[in-house]
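Asker: Based on the provided sequences and hints, a complete structural model is requested.
If you're matching them up, the sequences are chains A and B in order. At the far end of the first sequence sits residue 162, using the working numbering, and the numbering has no gaps. At the far end of the second sequence sits residue 628, using the working numbering, and the numbering has no gaps.
By construction, these hints were calculated from the structure, which means they are not laboratory data. One or more of the hints may lead you astray.
Simulated crosslink set (DSSO-like; lysine-lysine; CA at most 27 Å straight-line) [claimed, not checked]:
no., chain 1, residue 1, chain 2, residue 2
1, B, K302, B, K313
2, A, K23, B, K313
3, B, K357, B, K427
4, A, K109, B, K619
5, A, K160, B, K357
6, B, K313, A, K159
One-letter residues, chain by chain:
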Amino acid sequence: MKVIFYVNAFFSLVFALGVLFGKNPLRSALSLLLFFISISLYFFFAGSDYLGFVQIIVYAGGIIVLIAFVIIILGLRRESPDFDISLRSFVGIILLALFALGVLYGMGKSILHFVPQSPYFDTSVAGIGDAIFSRYLLPFEVASILLLVGVVLAFIFAKKEV
Amino acid sequence: MNAHILLPEIILSITAALVLIIEFLTPRRLQFIGTVTILGILLALFYDLSMFRNAGIGFYGMVKVGPFDRMFDLIFFIGAILLILLSFDYFVEISGEFYFFLITSLIGMMLLAKSSDLFMLFLSLETLSFSLLGLIGILKRKEFVAEATLKYFVLAAFSSAFFLFGIILTYVIFQTTNISEISNKLFAAGLTGIKPGIIVTLVLLTVGLAFKIAAIPFHMWTPDVYEGAPAPVVAFLSAGPKAAGFAIILKTLLSGYQAHPEIWKGIVTYLAVFTMFWGNLAALKTRNLKRMLAYSTIAHAGYVLVAIVSVNQEAYAAIVFYMLSYTFMVFGAFAIISMIGDSHSNLEDYAGLSRTSPLLAFMMAIFMISMTGIPTTSGFISKFYVFMSAAKTNHIWLVIFGFINGAISAYYYLRVVVYMYMMDAREEHAVPYFPFLRSVMWIAVIFIFYLGLFPQKVFEIIVSTL
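Answerer: Below, the structure is given as structure tokens:
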């Protein structure tokens with residue numbers, strides 16, 4: 001089990017990098033699809049099958065299809081992103097690496113002191129429904145306001161007249 | 163569940179839906195929609211004030227409301243109403259969704275000040291950022307607006323990612339996102355063993371928050387957004403959302419980690435010093451009034467951060483008082499900028515204003531003097547309270563840095579006055595009469611002098627809410 005977990009972690013990293021460095025937009029979208037599927041495996045490992053399936057259906061099934069449609073409709077060609085190593089990007093990469101090391105060090109030092117209390121939540125469909133309509137009612141409602149704002153925003157920016 | 167403590171937010175959500183429906187039925191009747199919005203806001207304000215002293219926890223610990231949070235609500239309401247008044251004269255033809263975004267941003271800010279759960283905090287922060295995008299980009303055909311909107315969008319998303327990462331790692335450490343539970347766990351267990359992890363999470367959270375309040379070195383978006391966005395929106399941006407940013411800092415750093423202030427004090431001290439100096443020094447070189455006020459708002463954020471470093475009751479009240487008085491100053495200044503015109507905001511455009519419209523020049527001088535912090539204005543009193551709280555907690559160096567910065571800022575604020583009174587205009591053109599812009603200007607002046615001359619009563623009210 002542990003081996004599968006680490007193999008999956010390795011591949012999700014590879015797919016994530018594939019999104020960034022893919023020269024063909026469609027290939028990047030495909031990497032994203034595989035990345036989402038590997039993410040859903042984490043949910044299966046954590047024992048929440050429902051969330052794993054939702055991840056596959058919503059992200060892999062819905063969002064990637066949308067992205068693929070946009071790529072096809074806009075007719076994006078092969079892009080050649082130029083990764084010239086200028087001084088600025090070099091400093092950026094070094095700072096990012098230091099930052100990542102800092103996060104890993106800090107969390108790694110503290111992670112020994114955790115007392116995992118599993119399972120945190122009941123992740124069955126009923127359990128998630130229960131959480132949404134009790135403890136997480138307010139975030140759920142605020143998320144709906146957020147989505148409404150997003151829809152109106154997209155409408156405002158997309159329509160022709162001012 | 164205690165749902166009634168969020169009644170103002172519920173009223174505002176209904177108003178937001180109503181505004182969308184009215185815009186659909188009778189498009190582009192701005193004054194009508196604006197009036198409906200004001201009525202909704204006043205109704206929410208009425209319920210907010212009627213429940214002012216009721217403290218309580220609601221929605222399974224997601225929100226925790228006290229009188230102090232309702233003080234922040236007051237600042238947001240004032241900002242929103244002044245923005246609506248400005249919008250009546252400023253915008254000729256826009257879609258009524260502007261008011262929808264205004265209300266949702268208000269809901270976001272109010273929930274930010276009240277949420278006691280990091281998860282909730284993140285969602286309301288996103289609601290706020292998205293609504294502000296709508297406000298900034300509403301005149302999407304105008305010059306620089308697309309640039310301002312895109313910059314704000316990218317950097318808001320970027321900072322939210324940092325903030326979210328911080329929240330996730332906090333959950334990993336504490337197995338909860340509830341701020342009071344985090345605080346309890348820190349009081350009970352202390353820092354043994356988890357200190358490096360907590361520092362990592364605090365750095366991530368601070369980076370996310372520093373973007374929101376435009377602290378150095380996360381301020382890059384501010385000048386461009388301020389230059390591109392419509393002037394009334396800029397005034398709102400530097401009053402309401404900034405106050406909301408400080409409300410989150412009070413929530414996360416001061417309440418969540420109150421058992422161990424020493425772990426975040428260092429970060430915030432450096433942030434305060436650099437923000438004050440960089441903001442003021444950059445403003446010296448700027449000759450565009452909107453960009454200059456952008457750097458000045460960075461510097462003002464630095465002053466407020468000084469109050470956050472000195473963790474005591476008075477500092478809390480000083481922050482609220484500062485944001486209240488800053489709201490009036492910035493709305494007054496941007497009301498006049500709106501009258502002169504967004505595209506005429508270079509210093510040269512203000513030359514000789516004292517001859518063409520003496521009243522406007524005099525008012526602008528008052529706003530500039532108040533921002534400098536010269537006595538009898540509210541700018542002086544608010545700076546006084548901030549530095550007083552820092553001096554009482556022995557942060558003498560911060561007070562000295564603050565005074566140096568006050569002196570630096572006098573140069574560029576008073577330069578505007580010099581241009582208005584001592585330079586000759588290249589071409590004289592009369593400023594049209596805008597009733598609503600003028601009313602905002604008068605409201606701002608009245609409150610600047612009221613808070614400047616009789617601050618005691620307001621300050622006592624704020625202290626009594628703590």
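Asker: Which constraints among the numbered hints does this structure fail? Numbers only, ascending.
Answerer: Of the numbered hints given earlier, those the structure breaks are 4 and 5, listed in rising order.
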